[in-house]
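Given the structure of chain D, go ahead and fit chains R, V and C onto it with the hints provided.
Protein chains in written order, with numbering that gives the first Met the number 0: chain D, 0 to 349; chain R, 0 to 349; chain V, 0 to 349; chain C, 0 to 349.
All clues stand as given, with none of them false.
No farther apart than 30 Å at their CA atoms in a straight line, the calculated lysine-lysine pairs in the BS3-like style are these: (1) R:277 / R:349; (2) C:349 / C:306; (3) D:130 / V:306; (4) V:126 / D:306; (5) R:193 / R:49; (6) V:6 / V:269; (7) V:171 / D:301; (8) R:126 / C:306; (9) V:277 / V:349; (10) D:301 / D:349; (11) C:306 / R:130; (12) V:280 / V:269; (13) V:261 / V:277; (14) D:171 / V:1; (15) R:269 / R:1; (16) D:6 / R:49; (17) R:6 / D:256; (18) V:6 / C:256; (19) R:126 / C:1; (20) R:280 / R:306; (21) V:1 / D:126; (22) R:1 / C:126; (23) V:301 / V:269; (24) V:171 / D:1; (25) D:193 / D:49; (26) C:280 / C:306; (27) C:49 / D:130.
In case anyone wonders, no lab produced these hints; they're calculated from the structure. A quick note: this is a predicted structure, and the numbers were derived from the prediction, not measured.
Number of protein chains: 4
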Amino acid sequence: MKFNAEKIYRHSFASDNNSGVHPYIMQALFGANSGHVIAYGDDPFTLEAKNIFAGHFGDDVRVYFVMSGTGANTSALYSITRPYNSIICAETAHINVDECNAPGKFSGCRITDIPTEDGKLNVEMIKACIKGRGDVHNSQPGVISITQPTELGTLYSADEIRQICDFAHDNKMLVHMDGARISNAAFALDMPFKEFTRDAGIDVLSFGGTKNGMMFGEAVVFFRDDIATDFEYFQKQSTQLISKMRYISVQFSAFLKNDLWKINAGNANKMAELLADKVSKIEGISIAYPRHTNAVFVYLPKEIISKVIDDFPFYIADDENGIVRWMCSFDTTEEDIRDLLSCIRSQMNK
Amino acid sequence: MKFNAEKIYRHSFASDNNSGVHPYIMQALFGANSGHVIAYGDDPFTLEAKNIFAGHFGDDVRVYFVMSGTGANTSALYSITRPYNSIICAETAHINVDECNAPGKFSGCRITDIPTEDGKLNVEMIKACIKGRGDVHNSQPGVISITQPTELGTLYSADEIRQICDFAHDNKMLVHMDGARISNAAFALDMPFKEFTRDAGIDVLSFGGTKNGMMFGEAVVFFRDDIATDFEYFQKQSTQLISKMRYISVQFSAFLKNDLWKINAGNANKMAELLADKVSKIEGISIAYPRHTNAVFVYLPKEIISKVIDDFPFYIADDENGIVRWMCSFDTTEEDIRDLLSCIRSQMNK
Amino acid sequence: MKFNAEKIYRHSFASDNNSGVHPYIMQALFGANSGHVIAYGDDPFTLEAKNIFAGHFGDDVRVYFVMSGTGANTSALYSITRPYNSIICAETAHINVDECNAPGKFSGCRITDIPTEDGKLNVEMIKACIKGRGDVHNSQPGVISITQPTELGTLYSADEIRQICDFAHDNKMLVHMDGARISNAAFALDMPFKEFTRDAGIDVLSFGGTKNGMMFGEAVVFFRDDIATDFEYFQKQSTQLISKMRYISVQFSAFLKNDLWKINAGNANKMAELLADKVSKIEGISIAYPRHTNAVFVYLPKEIISKVIDDFPFYIADDENGIVRWMCSFDTTEEDIRDLLSCIRSQMNK
Amino acid sequence: MKFNAEKIYRHSFASDNNSGVHPYIMQALFGANSGHVIAYGDDPFTLEAKNIFAGHFGDDVRVYFVMSGTGANTSALYSITRPYNSIICAETAHINVDECNAPGKFSGCRITDIPTEDGKLNVEMIKACIKGRGDVHNSQPGVISITQPTELGTLYSADEIRQICDFAHDNKMLVHMDGARISNAAFALDMPFKEFTRDAGIDVLSFGGTKNGMMFGEAVVFFRDDIATDFEYFQKQSTQLISKMRYISVQFSAFLKNDLWKINAGNANKMAELLADKVSKIEGISIAYPRHTNAVFVYLPKEIISKVIDDFPFYIADDENGIVRWMCSFDTTEEDIRDLLSCIRSQMNK
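Same shape as in the complex, but just chain D:
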């Protein structure tokens, strides 16, 4: 799918990363822009941001700021595996289909993907895919990676996560959570971040910022000291250590202070709810996966797609079945939704 690269859209539903940067984040970047500080994270801005994470996740949490979501997932998985391990994930997982195999290339691990109905794994599915434990011919399961919310916009409950983590730990595996949109999950679950991550047994978390109003920057958050001891080397070797670190750190501070993360995610989720609600009432269109967060997946008649997509970019999630994805973001307005809907309606009625 190639969109018009020459265009600034009023609103794109293609992804929440098509949006810009929240003004408070911009302001924070400005605020950090005086004086010199030591590079690579030995600076007061980074200390502060780490403290704020500690406030959310516990004092002994270990936090590292990286540049991109693929970078967070890749460096985290690279650091907690040995190359004879396998990494188990859903077929739809970002690490499986959207990172050009960076996690596999870096770690040397086999990515074992499991087909799912809604992007979610469960213990039964994981059990069924584990074969050849202790057999040198087989990659040995080392990590289960789940995405929260999933790439299909669905949510794990804290309890579902706990079951997966318990199973993993009972079987000497670790659990990684890809939280590229973790704020949207926290808002939807109405829970503190900690409750469905650390408290549920997650070992390491990719904590996303970019998709929820930051310019760039993600955090790799370890809940166990013993697996984090040498992460910084993996981060550096993964090309994910930025020199002017303060410009990620202050974004995170602004993001986590005054509940900006929640305001932003809340707006995105609510706009998605509105969109899902309205669009499902249009005859000929139906919801494909339950709408839990800021993604809306619908069956859209193929002849309509091409007529809407130019003005309101979005991705076709499943070409065969005619499922499209609309993402709402921190800056989606009711007007944006109205305009999209009215465009669709006018096409449907032709």
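Only chains R, V and C this time, still in chain D's reference frame:
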């Protein structure tokens, strides 16, 4: 060397990446912050920035924006080698000693480093280190990587570069230039970028922005189409593809427009010249490597180091020989130099 | 499954690599054991063996001798891919489940496995799994790897192979054949090797010897010069270049001369046919996959398994469905089959 | 250097791997060739061979049989490092210059090579090359790899090894020994293997067989349980796990029983001593490195080289300085030495 992470310094000489972001760059970031655009570079801001690069390097140049200097070097070298190649560089090269072997890990290549006096390679040195061509037991020389200016602050002339490139091409090798501080080189040489890169035979260039007033962002610039065809996959797999690309692109546009790059580099170089000039007149201190750009390397008595370094952070480049490095940056002022010098002088006189 | 490591069995059905070495091969090893020759393949024994391969596959074929089957597959796939490629194979493929991800680790490629009924791929299945061509976020399909005969003992016809190869080439992919048991395929198809490999469009072949009476040694056979130019470096870097090469070469010469390969494979296939024929007549046992070569897969009641396996080792191919695998080899005798059958019958009747 | 690939030489001095297989080894291969055994090492022949190793090195030693010397070094180093480590070795080390960077590619580690006079490292040299400990930009020293005897034929004393190992362990590094010619070392030192390996502090050993009369096969020997726990996965992933393992195992049993290793190495060393003794008396020829084992390095006038090399293959070790290498092997005879010397003498007198 651990500095004080809790401190914002008025000025640090540790590295030009201890500085902040030039106001024009900040302004450009603001200017790009409205509306939605397609992610990963399919946006008008990126198109514009690429056009500006084309203005500097030729219409058929291929430019890709990545996040960090290590990322630029690593993804570039990864993409133009096969794992049985070797990459030849100076012992002091950033790719050799400052990237935690990211280029070696990604590419699978042997890094063959050559000791030098001043950070510069020449054809004789390269010839002497090439052994076992055509012998399957030996890594096959594939790329020569030079740094301009070098990590010791010295410069290659355009002619010296041409000689290396000619030798490389005659021997079926490519030449990569690590231009993390390329603006400082261009200013010092008083040449357009193209004259000592593309016109001298360079095949692929890491073009730096961060160290000269940008927030983050480097460019990988290919001067040959045939080696660039699949770079984007290497960029993605190297975790160096940012989603909100416009925020790198507009920095580069601002950086290259109105000669901001030259103003910034010019200031850094001139402040270094001033510092070198003044400090070399202090008895007991002497210049270690010729001062060509914005780095000043001096022999500093060891007992002085610890007394100066707390207020004016800098790196010890060579512990054994007592050589320290001071970097000047786009925002170094004469007052900064004066203060450093007066601190040194007062310590030397004790 | 752990067998008795202290035991020499009269016959094991666990794998054809449980057998020893054919006496003619042993004799050839002896015959090569005088005088000195240059190491790593620059010797007359290797020249002769390569000539014999040329007789089978064409004068311009390029042949390299490696040590193991995993080594052949891994070095071949490593050499013909770039790390952003994906390698498409059946879920049951040896490269997918039996090589501890060596092909993925070496090449950096994604292994995209496709579930099958009988171990065989076809164009429809391959088409359906190809997504995101030209999208930098997705690994780009580079190679289709098929196994002939498959790990389930089934066979592709020459025409089925041709269809896959045509599709691959039309879509800028290469085709690799894992021919660990290629002799068994050739015998069953009653075709020269070339007819269902090179003539059918295969680009590179892992040609197996170990499982059909050799001591060790496999060949990587390229049918296109342009993809073989630098294979020797990949072979060396893959640790698959043996110093005393003559001891692989003379095995292959003996193997291919006087139709030893055919005699051996013929015996294995015929014994499997006999076994399949007889065992399927026992009430309560049925054939799981069509018996094409030297593997017999049957549904065996679980309570029987443990009573037979100690004397006649075999693998449980599918624990859930109670499918076991018996492999026949070059030295399986009718008596071996009779003994196995009588053991089974006596257990079934209890 | 390309030799005549069509020729069987009576004797080649190019390498000890140009020789054939000792008759006792051949006999052992025959002796193992009846019945079926479980593949991949679960067989009585392998149990026996491991017991014999235990007799030499201690009951708790862990031994794995691999296919080649490069395979032994690579899989061993791969298994005991993390990719951010560096592996320190002499510039002349086989892992540095003769393995097409397999250890670097597999492990992701930086290979840090140190120039030496005679192929031997010492603590001072190692200390001087260690920089940036604890600095994320630098590869962290993880392993010191020494070769015994060195690639220049020289020997470490047990005490010299102990010093290196003590330093390594004090600095949280491991020590690997490349013992491709370890029998030649043991004979020259007149010591049990254990005395200059395990007892001197070595952590893991590549124990060579091929160069001393075996057909193929090396052992990776671990002296610490904690670093060996998952080696088998690295072995498999490195493509170094042979299926018909018994044919390596019985070679090692024959090699270690009845002192065959010592008889073979003794002959090679003594022939080298004879050669060194005689050749050094020829005017115009002098010894380049002390002759400790079965390698003789001499300064040979360049015009002589081409006249001798066709009939008595050897390698030019140092083209610039005119140093050539002659290797003696288990089957070198006094007559071979006489013939070589008389050829040289006749050329020198022309």
